[in-house]
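Visitor: Sequence order for the protein chains is A and B. So for the first sequence, this note's numbering puts the first residue at 1; every next one is plus one. So for the second sequence, this note's numbering puts the first residue at 120; every next one is plus one.
Calculated directly from the structure, the hints in this document are not laboratory data. Wrong hints could be hidden among the right ones.
[Unchecked claim] Think about it this way: if two alpha-carbon atoms lie no more than 25 Å apart in a straight line, the pair counts; the simulated DSS-like pairs of lysine-lysine are:
| # | chain 1 | residue 1 | chain 2 | residue 2 |
| --- | --- | --- | --- | --- |
| 1 | B | K290 | B | K148 |
| 2 | B | K208 | A | K48 |
| 3 | A | K48 | A | K5 |
| 4 | A | K48 | B | K209 |
| 5 | A | K48 | A | K2 |
| 6 | B | K206 | A | K48 |
| 7 | B | K234 | A | K82 |
| 8 | B | K206 | B | K290 |
| 9 | B | K147 | B | K290 |
Model, not experiment: these values are computed from the prediction.
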Amino acid sequence: MKYLKQLLIIITVSLMGELLHEMVPLPIPASIYGIAGMFILLYSGLLKVGQIRETANFLFEIMPVMFIPPAVGLIKSWDVLKTHWLSYLAVTLVSTILVMAVSGLVTQAVIGKGGSENE
Amino acid sequence: MNEILSASVFIGPFLTLAAYVLAIEIRKKLRFGLFNQLLVAIIICIAVLVLLDIDYETYNQGARHINVLLTPATVCLAVPLYTQIEKLKKNFPAILIGILSGVLTSLGTVLLMAKIFGFSQQEYITFLPKSITTAIGMSVSEELGGYVAITVTSIIVTGVFGNIICEAILKLFGIRNRIAKGIAIGTSSHAIGTTRAMEIGEVEGAMSSLSIVVSGILTVILADIFVSLF
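So that you can see chain A by itself, here it is in the shape it has in the complex:
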């Protein structure tokens, strides 16, 4: 019963997220409503982490696998990309590195001023 109940809770929150996504006319996906909903349940104490822990850990373990099929699907996009692929790739890679560096350095600098939390 443990996994069954845990899965039921997680699926219920996912369903609520999808329903909200359908009803609210904002470009916010179901999973974001779902995270917010799950967070509120945990924070309010209505739900304990222990009530979903094992199933959540299972889902985290297989989560990277869920990105493999869409990534493999990139082999089909070549026709659309082939004329400008180099500039497209440059924009994608350069911005990823810059965003990572800037957001990390800024966060670290602001935390540093408060003077705590290193490692």
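Using the hints provided, position chain B relative to the given structure of chain A.
Guide: Quick look at chain B alone, frame taken from chain A:
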């Protein structure tokens, strides 16, 4: 080959899981820092499809069922977020400013490079939401008039690249604080990067999860303004 293999819906899930488990085993054997299991699994899958001449549709008719679990898995990212709530509260301004700086960097870099490469307005819009999670990025691109298929491609490449490169970049720029590491990974490479952050540690995973949500929403708000800057 396609006729035989398309008889079973399990060919896609089998190939995907086998490739990923194999990639993890190779990683264990090699103990090589830059080795990325997600990238290797993707390469194995593509190689098998090409070598055995299997259509992507044949593969994906089963493999897409794996993606059904993506929303439940994402919903569970609230767990590390909740368990790290004290760190989140204590460092709230730093976290918010950090994510905002990342979002502005993403939009600003795309603007600058689009100018340099002489992109059309539509191409420029296509890349504006490239750093955020697929579901939000797609709707931003669609709403503002980009090429949605290219946006999705760029988002996936961003995520996989961030997943591969994050540890090297964090080291290179001396980003050692665990909160800052998580913010950097999640803001730059959304959920695909976050799976790596979860492996690095719980604080990193929680902060990276938070960044997916916050950077996604900030991008929705700010992309509109950036469209008019081109």
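Visitor: None of the hints should be skipped; say for each whether it holds.
Guide: Okay, the hints, checked on the actual structure:
no. : hint              : verdict
1   : K290(B) x K148(B) : 24 Å, holds
2   : K208(B) x K48(A)  : 20 Å, holds
3   : K48(A) x K5(A)    : 13 Å, holds
4   : K48(A) x K209(B)  : 22 Å, holds
5   : K48(A) x K2(A)    : 14 Å, holds
6   : K206(B) x K48(A)  : 19 Å, holds
7   : K234(B) x K82(A)  : 20 Å, holds
8   : K206(B) x K290(B) : 22 Å, holds
9   : K147(B) x K290(B) : 22 Å, holds
Hint violations for this structure: none, all hints satisfied.
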